[in-house]
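Engineer: Since the structure of chain G is provided, determine the placement of chain Z on it from the hints.
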Amino acid sequence: MAKQLMKGNEAIGEAAIRAGCRYFFGYPITPQNEVPEYMARRLPEVGGVFLQAESEVSAINMVYGAAGAGARVMTSSSSPGISLKQEGISYIAGSELPCVIINIIRGGPGLGGIQPAQSDYFQATKGGGHGDYRLFVFAPASVQEMVDLIMEAFDIADYYRNPVMVLGDGTLGQMMEPVEFKEPKKRDLPPKDWATTGAKGRKRNIINSLSLVAEQLEEHNWKLQKKYQHMKEHEQRWELYKCDDAELVLAAFGTTARIVKSVVNQLREQGIKAGLLRPITIFPFPDKAFAQLPDTVKAFLTVEMNTGQMVEDVRLAVNGKQPVHFFGRTGGIVPTPAEIIAKAKEIMGGVR
Amino acid sequence: MAEMIFAGFGGQGVMSMGMMLAYAGMLEGKNVSWIPSYGPEMRGGTANCAVVVTSDEIGSPFVTDPDVVVAMNLPSMDKFEPRLKKGGLLIYNSSLIEREGGRDDIEVIGIPANEIASELGNSRVANMVVMGALLAKTGVAKPESVKDALRKVLPAHRHDLLPVNEQAMERGAEYVSKDR
Numbered sequence: 000m001a002k003q004l005m006k007g008n009e010a011i012g013e014a015a016i017r018a019g020c021r022y023f024f025g026y027p028i029t030p031q032n033e034v035p036e037y038m039a040r041r042l043p044e045v046g047g048v049f050l051q052a053e054s055e056v057s058a059i060n061m062v063y064g065a066a067g068a069g070a071r072v073m074t075s076s077s078s079p080g081i082s083l084k085q086e087g088i089s090y091i092a093g094s095e096l097p098c099v100i101i102n103i104i105r106g107g108p109g110l111g112g113i114q115p116a117q118s119d120y121f122q123a124t125k126g127g128g129h130g131d132y133r134l135f136v137f138a139p140a141s142v143q144e145m146v147d148l149i150m151e152a153f154d155i156a157d158y159y160r161n162p163v164m165v166l167g168d169g170t171l172g173q174m175m176e177p178v179e180f181k182e183p184k185k186r187d188l189p190p191k192d193w194a195t196t197g198a199k200g201r202k203r204n205i206i207n208s209l210s211l212v213a214e215q216l217e218e219h220n221w222k223l224q225k226k227y228q229h230m231k232e233h234e235q236r237w238e239l240y241k242c243d244d245a246e247l248v249l250a251a252f253g254t255t256a257r258i259v260k261s262v263v264n265q266l267r268e269q270g271i272k273a274g275l276l277r278p279i280t281i282f283p284f285p286d287k288a289f290a291q292l293p294d295t296v297k298a299f300l301t302v303e304m305n306t307g308q309m310v311e312d313v314r315l316a317v318n319g320k321q322p323v324h325f326f327g328r329t330g331g332i333v334p335t336p337a338e339i340i341a342k343a344k345e346i347m348g349g350v351r
Numbered sequence: 000m001a002e003m004i005f006a007g008f009g010g011q012g013v014m015s016m017g018m019m020l021a022y023a024g025m026l027e028g029k030n031v032s033w034i035p036s037y038g039p040e041m042r043g044g045t046a047n048c049a050v051v052v053t054s055d056e057i058g059s060p061f062v063t064d065p066d067v068v069v070a071m072n073l074p075s076m077d078k079f080e081p082r083l084k085k086g087g088l089l090i091y092n093s094s095l096i097e098r099e100g101g102r103d104d105i106e107v108i109g110i111p112a113n114e115i116a117s118e119l120g121n122s123r124v125a126n127m128v129v130m131g132a133l134l135a136k137t138g139v140a141k142p143e144s145v146k147d148a149l150r151k152v153l154p155a156h157r158h159d160l161l162p163v164n165e166q167a168m169e170r171g172a173e174y175v176s177k178d179r
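First to last, the sequence lines map onto chains G and Z. Heads up: the first sequence is residues 0 to 351, going by numbering that gives the first Met the number 0. Heads up: the second sequence is residues 0 to 179, going by numbering that gives the first Met the number 0.
The set of hints was computed from the structure by calculation and includes no laboratory data. Positions of the beta carbon are idealized from the N, C-alpha and C atoms, including for glycine. Fair warning: there could be bad hints in the mix.
[To be verified] Some chain G residues judged to face chain Z by a derived CB distance under 7 Å, without partners named:
| id | residue |
| --- | --- |
| 1 | L4 |
| 2 | Q173 |
| 3 | M174 |
| 4 | M175 |
| 5 | E176 |
| 6 | P177 |
| 7 | R257 |
| 8 | K260 |
| 9 | S261 |
| 10 | I332 |
| 11 | T335 |
[Stated by the list, open to error] Chain G is nowhere near these chain Z residues, computed Cβ spacing over 10 Å in every case:
| id | residue |
| --- | --- |
| 12 | I34 |
| 13 | S59 |
| 14 | I105 |
| 15 | R157 |
[Claimed, not checked] Here are the simulated BS3-like cross-link-like pairs (lysine-lysine), alpha carbons at most 25 Å apart as the crow flies:
| id | chain 1 | residue 1 | chain 2 | residue 2 |
| --- | --- | --- | --- | --- |
| 16 | G | K320 | G | K344 |
| 17 | Z | K136 | Z | K85 |
| 18 | G | K287 | G | K272 |
| 19 | G | K231 | G | K191 |
| 20 | Z | K141 | G | K2 |
| 21 | Z | K141 | Z | K78 |
| 22 | G | K226 | G | K185 |
| 23 | Z | K151 | G | K181 |
| 24 | G | K342 | G | K320 |
| 25 | G | K272 | G | K231 |
| 26 | Z | K85 | G | K344 |
| 27 | G | K222 | G | K191 |
| 28 | Z | K84 | G | K344 |
| 29 | Z | K151 | Z | K141 |
| 30 | G | K225 | G | K287 |
| 31 | G | K185 | G | K241 |
| 32 | G | K2 | Z | K151 |
| 33 | G | K222 | G | K202 |
| 34 | G | K297 | G | K344 |
| 35 | Z | K78 | G | K2 |
| 36 | Z | K84 | G | K342 |
Isolated chain Z, as found in the complex:
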């Protein structure tokens, strides 16, 4: 059972990240749910989504004490780090967040997602760099399932973006394995 929160600025791809992971979980035959925060704030504001992936029945789809938090910007880290379960995992975007985690009862990984994405020539795949790292750390879904989900979710005329997304995931996975 994995209860996760993905949070960041509108536009950083946190909603699609969560959706992709839910899709991948579904393709693996698991029960999944995805709930977006929705409100009057949108562009430039903060956005987050709650994702549950489990082989059990999903009772509450709301995530109050997440196992995993992905924070793409500082306000998101400030908001969700305290809610993590003891022993949980915080992955944050160290390209935009200067402070380190403030808790010693969780695992914390900073990943320079924007820098890595820029090296790949597309700053918009920063979310997929983090996705790669998340999958490598947690095994919540197989990278192949996320790649399949991407192929299904991206419209055909956007399939030229598949390779860079896949590279981003691989770079994210590499980053956390060499880091350990």
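So here's chain G without its partners, still in its complex pose:
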């Protein structure tokens, strides 16, 4: 199929539909409004349902209901809206239901601004709502990768019976790049025999996150943890770029990783052996990638559009073996290659 030039947000919608998503519930917020706009136009054409709820709280509970009935369902929002959805997300994770949630991050905290940011990393990867749960979280760096991962996200959600979040930022949502819609590798998915589809003679299915007997709730928690552990063992994904002989490894995800890739090339032109480690899954965090790095690595520099969130996971993975530095811009400011290069030189000046 020929490539199309598509805006990130519209590509999200198309990828979801091609992955079999037939239900979308949401509430408008910049900079992701083209997602509901696209779904509103396209879903009726494929026999699906688009519904603009009266609030984010309402939208996520509609997702809860549709997921419970076994449907492929998605919602999308941006940072403040995702915060409003946290209670519902916790219920969905607790009830072990599959769905896909898009967060096109904008600057926070509070209502914040509308420019791109990555300040929801903690919220996405450490639970977000209450209780000991995790989302499966993808952090794509291009419109094409976002499309590929969303098409896969529905399968992963079904496979694990767990919500999958795809993190973008204002830039990724608003930018246009060529995309191609390719069939993802299919997973063997079990039938959704737990779904509330009308009992019709079979034993009734109950979907509920309430569990008043402590022993049972603890057991349920250990079951969830086993699932997250399985993700950690089998689902980590990352990209290593020019790391083979690297002395300085820059770690960055999403849009920032694109800037850092350019920085790596510029640093190498200036004689600094730099490489990029780009997590593609941020939960599970790709700590296995660090084991593949060569002995030449002297230091790490994590670059993010926040005040330092993923850097904590990088420090855990590096485990004190090398120093881990941080550079970030926040509030909607995108870091420039020049300031990252300056920071890298400062570090490498120090270790030499």
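Structural biologist: Quick look at chain Z alone, frame taken from chain G:
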């Protein structure tokens, strides 16, 4: 590799200009990206987009030091002229901008885009006049590819506008070749 910024008032067609060029680059098999400025300002305010067209992989899609700046109004020229790479190209709309470029380490071309568009009977194709000039000067994409992109982007009931857009591009190209 061409990193470009298109800037002007909302409504002057700078966003679609950038998009058309990205589309044309894609049709030629190149890697392209298009990023709009987006913000609370819209109608009547300033708008700009960053476009990269290259046969290499695109790392950063952000354009901090452009090779080419297209300025359709004065605030855009004031903002982006200083950011141009040494040896870069500034194309500005001399119908609306009275001052000339302020740097001597770049190439500067003024083109009366609004006047030319009005002569063609449609003031809204001023952006395509500049597009024609840009293609002629830089060769970043073939005029034919931009014309193909236009046919794909314009809905069928707007295809009556194709000839005037194509004329606008040709007039822009002529303007810069006779100028040189």
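Engineer: Each hint: holds or not?
Structural biologist: For each hint, the structure was consulted:
1. L4: 5 Å, holds
2. Q173: Holds - the Cβ of G/Q173 comes within 7 Å of chain Z, reaching about 5 Å at its closest.
3. M174: 4 Å, holds
4. M175: This interface hint holds because 4 Å falls under the 7 Å limit.
5. E176: 5 Å, holds
6. P177: Because about 5 Å separates G/P177 from the closest Cβ in chain Z, which is inside the 7 Å limit, the hint holds.
7. R257: Hint on G/R257: holds, closest Cβ of chain Z at ~5 Å, below 7 Å.
8. K260: With a minimum Cβ separation of about 4 Å from chain Z (threshold 7 Å), the hint on G/K260 holds.
9. S261: 3 Å, holds
10. I332: At about 11 Å, which exceeds the 7 Å cut-off, the nearest Cβ of chain Z leaves the hint on G/I332 violated.
11. T335: 5 Å, holds
12. I34: 4 Å, violated
13. S59: For Z/S59, whose nearest Cβ neighbour in chain G is about 4 Å away, the distance does not exceed 10 Å, so it is violated.
14. I105: Non-interface label on Z/I105 holds, nearest chain G Cβ at 19 Å vs cutoff 10 Å.
15. R157: Consistent with the label, Z/R157 stays out of reach of chain G, its closest Cβ about 18 Å off (over 10 Å).
16. G/K320 - G/K344: With Cα atoms ~20 Å apart, G/K320 and G/K344 stay inside 25 Å; holds.
17. Z/K136 - Z/K85: Distance ~17 Å between Z/K136 and Z/K85 Cα, so the pair holds.
18. G/K287 - G/K272: 22 Å, holds
19. G/K231 - G/K191: With a Cα-Cα distance of about 24 Å, the restraint between G/K231 and G/K191 holds, given a limit of 25 Å.
20. Z/K141 - G/K2: 19 Å, holds
21. Z/K141 - Z/K78: 28 Å, violated
22. G/K226 - G/K185: Holds. G/K226 to G/K185 sits at ~20 Å (cutoff 25 Å).
23. Z/K151 - G/K181: 22 Å, holds
24. G/K342 - G/K320: Roughly 20 Å between the alpha carbons, so the hint for G/K342 and G/K320 holds.
25. G/K272 - G/K231: It is violated: about 30 Å lies between the C-alpha atoms, which goes past 25 Å.
26. Z/K85 - G/K344: 24 Å, holds
27. G/K222 - G/K191: With a Cα-Cα distance of about 18 Å, the restraint between G/K222 and G/K191 holds, given a limit of 25 Å.
28. Z/K84 - G/K344: 23 Å, holds
29. Z/K151 - Z/K141: 16 Å, holds
30. G/K225 - G/K287: 19 Å, holds
31. G/K185 - G/K241: 31 Å, violated
32. G/K2 - Z/K151: Given that 25 Å is the threshold and the Cα spacing comes to 13 Å, the pair holds.
33. G/K222 - G/K202: 23 Å, holds
34. G/K297 - G/K344: Cα-Cα ~13 Å, so holds.
35. Z/K78 - G/K2: 34 Å, violated
36. Z/K84 - G/K342: 23 Å, holds
The structure is inconsistent with the numbered hints 10, 12, 13, 21, 25, 31 and 35, although it conforms to all the rest.
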